[in-house]
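Kindly generate the complete structure, drawing on both the sequences and the hints.
Residues per chain are reported as follows:
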Amino acid sequence: MLAQQVLNGLFLGAVYALFAVGYTLVFGVLDILNLAHAAIFTAAAFTAFSLAEGAMPLWAAFVVATLVAGVLGILLDRVAFAPLRRRNAGTLAPLISSIGVAIIIGAVLRAVYGVDERHFTTAGLDSAPAIHLGPVTFTSVELAIFLSAIALMVVLSWILRATTLGRRIRAVAEDRLAAALLGVNLERTIAATFFIASGLGGAAGILTGLEYNSVTLDMGAPIELKGLAVIILGGMGSVTGAVIGGFIIGAVETFAIAYGLSPWRDALVFGVMFALLIARPSGLFGKRALRQA
Amino acid sequence: MSPLVEFYAKHSQLIDQIGINAVLALSLSVSLQAGQLALAQAAFMGIAAYVSAILAMNAHWPLPATIAAGIAASTLVAAALAFPLRRLRGIFLAIATVGFGEIVRVFANNLSITGGAEGISGIPNDATTPVIYGSLALVAVALVVLSRTKFALAVTLVREDEHAAQGVGVDVGTIRLLSLALGGAIAGLGGALYAHAAFFIAPGDFGFARMEEILVWCVVGGVTSPLGAVLGAGLLSILPEAIRFLADYREITDGIILLAVILFFPDGIASLWRRGAVRVKS
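Protein sequence lines correspond, in order, to chains X and H. The letter at position 282 of the first sequence is residue 315 when you use my numbering, and the numbering goes up by one with no holes. The letter at position 277 of the second sequence is residue 456 when you use my numbering, and the numbering goes up by one with no holes.
No wet-lab data here; the hints were simulated from the structure. There could be a bad hint or two in this list.
So, partial list: chain X residues that the calculated Cβ filter (under 8 Å) puts toward chain H [what the hints assert, rightly or not]:
id	residue
1	L108
2	A115
3	P116
4	A122
5	G133
6	I137
7	G139
8	P168
9	N246
10	L250
11	I265
12	D299
13	F303
14	F307
Okay, the calculated bits of chain X under chain H, using three or more residues with CB under 8 Å as the criterion [unchecked claim]:
id	region
15	77–85
16	309–318
The beta-carbon is built from N, C-alpha and C at its ideal position, and this holds for glycine as well.
The structure is reproduced here in structure tokens:
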């Protein structure tokens, strides 16, 4: 029973972590809260759904829709953030312009897909065989989702640590002006950051859609705010923190459900977040972690 | 029927809504003018809406008494929040207050006295147009009077530079507490009016979507003045009705307008009027 709950928490947490990593990456690099992240999460899920309906294999639909989400991220930056960056507009303006883009993306999705829930019809998705491993049970689909999320986070960590792009991203996060003086192309680095962050957010959306085999217009609403709890827990701007925070929030939620507190689980999640913000606003890891990644 | 009466009969619901929205926008503008991105207005609104609805339904209190009780409740909660929030600024304050709002929503969803997810229906529909606009006028007058006091000066100082404010003897903590409580009180008024104009309330009415809406009104109108908040709430409430022929594209036009205002008129629509005035003078 306990082992099963831990496993459920890990499965849920992996997707939270994946979503939050992109959220926090943008904050770490640009000091802005991107409220269109959840809209891209949803858009990617619908894109993957359409591609899979078009007889594309599920894995290919996943890859293509993730790339589409990344490109959407670059567009988002060009439309909503780049113009404000040029005039140093502070924190409130980008928050509002990202809400504007989120509304537009939501409206486009509604116009294209209507308000009905969509399901992937790929064969075998709902009848995936259960795997019994000691005290725990899970399906092969759940396992694939979990492993995809982990793999993407490992790749991100490698990019940030070991590649020139990663070094540039960290340099811009540390000090935008100094990085520019040292010859880092700011706009290109920021575009790459948005491509990666939105790609990961989109991947989280596709995986969430597959996990419950349900794609809806409002699927991004719960994770948008829970993602905030995750990045606060880990420390705004900390990628490692977001991963750990994702698993903690996943565990809190699963255990709340297991102990019959299901209706109260969101209050628990945000209670933890609120308490941590008051006691330690820099979170468990603080912003430094991205810079040292 | 005279044309005016006819117009009112046709649009009274929208007219009431605009008045309530303006009160809500004013409540947020009070925090924003103190430089605090505190986004719990929807929660304060909800607390007062539930308190006043429950008192009207279960205890049969008259309207003014239920409104007063609702305002008292939301003001107390807002003031109590000031202490834990005292060290938070900017985005962190915004996130903490959004989290608080979610907690309030979960409570409304699960308590039996609030009617759970189904909410409360059959609330006496006694917040009439004169009551709503009388309240709005009262708030506006109070804010104008307040803007001529030393309190307003201290608020401006705190917004521009907390350390400098402290340096000249302004008690920053008290100013933050007072502006949060004042915002909570006005949001409470808006919430109580909402409950008595809507007939029906549910937890979803006071969630993050509502908070976003209030924030958008303020920013589109202009965060630097209360006038901007009222203007933003008014224009954005009328717009969907005015461009009915665009009904299918309503959401997308909302998003585009929001984006255009923030990109091209950073100080909001209210600043256009001021810009125009300056140009005429020069």
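Here's how the hints hold up against the structure:
| no. | hint | verdict |
| --- | --- | --- |
| 1 | L108 | violated (13 Å) |
| 2 | A115 | violated (10 Å) |
| 3 | P116 | holds (5 Å) |
| 4 | A122 | holds (6 Å) |
| 5 | G133 | holds (4 Å) |
| 6 | I137 | holds (4 Å) |
| 7 | G139 | holds (7 Å) |
| 8 | P168 | violated (32 Å) |
| 9 | N246 | violated (25 Å) |
| 10 | L250 | violated (11 Å) |
| 11 | I265 | holds (6 Å) |
| 12 | D299 | holds (5 Å) |
| 13 | F303 | holds (4 Å) |
| 14 | F307 | holds (5 Å) |
| 15 | 77–85 | violated (count 0) |
| 16 | 309–318 | holds (count 3) |
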